[in-house]
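Colleague: Chain Y is already provided as a structure; the job is to place chain P on it using the hints.
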Amino acid sequence: MRTSRAMRICLYAYGCLLIVFLYLPLVSVAFASVSKARYLTFPIKKYSFKWYSVALESSTVSELFVTSLTIALVVTVFSLIIAFFGALAFARYDWRFRTWFQKLILLPIFFPQTVLGLALLMWFNSIGVIPSWKTAVVAHLVWIAPIATLIVAIRAYSFDPALEEAARDLGANTSTIFRTITLPLLMPGLISAGLFAFLLSWGNFPLSLFTTGADSTLPEWLYAKMVSGYSPLVPTLGVASIVASLTVIGATLTLIRIFRMTRE
Amino acid sequence: METYNRKMGLISALPLACVLFLAFLAPLVVVAVFSVMPAKVFGLLHMPDFSAYAVFFEQGYYRSLLWSLGMAFVSTFILFMLCWPLAFAMVKIFGRFTTVITVAVVMSLFVSENIRLFGWVLTLMKGGLFEGYFRLWTGIGFESPLYDVPVIIFGLVYVYLPFMLFPLAQGIAMVSDDLRQAAFDLGATRIQVLLKIDLPLAAPGIVVGCLLSFVLAAGALAESKILGGQAVIAIADDIETAFTFGQNWPLGAALSMILILIIGVLALIGISRVDLDKIMGRKF
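Same order as they appear, the protein sequences are chains Y and P. In terms of our numbering, the first sequence is numbered consecutively and its last residue is 318. In terms of our numbering, the second sequence is numbered consecutively and its last residue is 308.
Chain Y extracted, bound-state conformation (with noise of 0.2 Å):
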């Protein structure tokens, strides 16, 4: 296309602008967490991992940091479980409802979730559950599960169902096809529709915000924390789940070499 040198720069130098802009609150964040200083100023005067050491120590961190992963991990379980079979709804079999179901998933993506969020803790108070956490993974699976299958679904449209076709012909039943086709051709998928799941739950706020009762997640209780006043614990904590956020998908990139290593 007729694109003049000059466009290309520009646009290269507006695609560098906006990851500086996407990152530089992180960066000020990253600052104020080794600030030495109760109230924070900038330029900061003393660097130390003081607020690091007493986060460690503190036993309402470590809760925190608990339910946050306890949820994150149920949540990533049943997304994959209900994101297999969805997807395979989505995209590959043609049945009478399917334009149908694939706009109802649409929906919840389509939703304010703070209202979401509400709106379920009516739901429950009515049917008689007390919100705890678990009622916290019901709620982020709402907004969880549709993405997950969308993700799995962009792998599904790419396979040929007469792979599977030819399995059958050849007297293969359902849950082999399953396990030997349908399940390997799918994994990528699946991979990063179970990174997804579990970093979009561990980091979400508005839907935890009404529905996790008495138990509080991180982004919880950062988020009391900013309302109500500075404390030097918010930029630790926050750093301290992009960390773990990072360590996550550096565990599942690992795996997934180890995986491709193994079977070559």
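Treat the hints as calculated values from the structure; they're not laboratory data. What you are looking at is a predicted structure, and each value in this text was computed from that prediction instead of being measured. One or more of the hints may lead you astray.
Claimed, not checked - Computed cross-link-like contacts, BS3-like style, restricted to lysine-lysine with a CA-CA straight-line distance of at most 27 Å:
#	chain 1	residue 1	chain 2	residue 2
1	P	Lys220	P	Lys116
2	P	Lys150	Y	Lys104
3	Y	Lys279	P	Lys150
4	Y	Lys100	Y	Lys188
5	Y	Lys100	P	Lys220
6	P	Lys31	P	Lys150
7	Y	Lys279	Y	Lys104
8	Y	Lys157	Y	Lys279
9	Y	Lys157	P	Lys150
10	P	Lys302	P	Lys220
11	P	Lys302	P	Lys31
12	P	Lys64	Y	Lys157
Modeller: Leaving out everything else, chain P in the frame of chain Y:
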């Protein structure tokens, strides 16, 4: 084969359909019923009196609704203008750099929006990253832009950028290069190509991107709370207050219903016009 497909489709759809019926559609019905209950009740077994809807008009809650919708509209417009050139470059011009941008944007999504907005507070506040260093180098301080309407819109643009960028890129990927080339060869100007080819052919992506940004921004809470202080009250903030401090569930439910209806109508119109098989690249 056809009956097998039909049966398997229905069975595979069941788990997700069950979750959505039980934890999405049923709660919406409960909200609708709660919204017509008399004030301050916590059960559903009362005579409906619709008083909560009257309160919406009498006590000026429509103002926060208008603020939310207005800010969502402005931020969607800004997002479209910001993202269009970038999405275009990602699809048609950048090669490997597209992957870099995609990874960078997706990774930012994994950081809780609270932490990112709080980062902007630290960056923009008086004595923050910008003002602190500016004062150190020049000796002149300036007022912080925080706690005002423009900074809330800035926060909305920041948080919802991925929800505009990716659908737009997906839409632009549907615009054929040959068609654009043919138009240029026949003497069309850049503007004509944009208006007659790019925009109409990328329309599904534009619809999804704008709708998603608008809907999410209209129901947003954290931006106005964290960046905006009490400058304006967003409708989601009013809804939260009605439930928590106000202890008035029917009022909260009525406010939610009004927001849900507006968003629901927009979302249904948008979703019904989009062919998902085409956007997501069905091959077989």
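Colleague: Which constraints among the numbered hints does this structure fail? Numbers only, ascending.
Modeller: 4, 5, 6, 8, 9, 12
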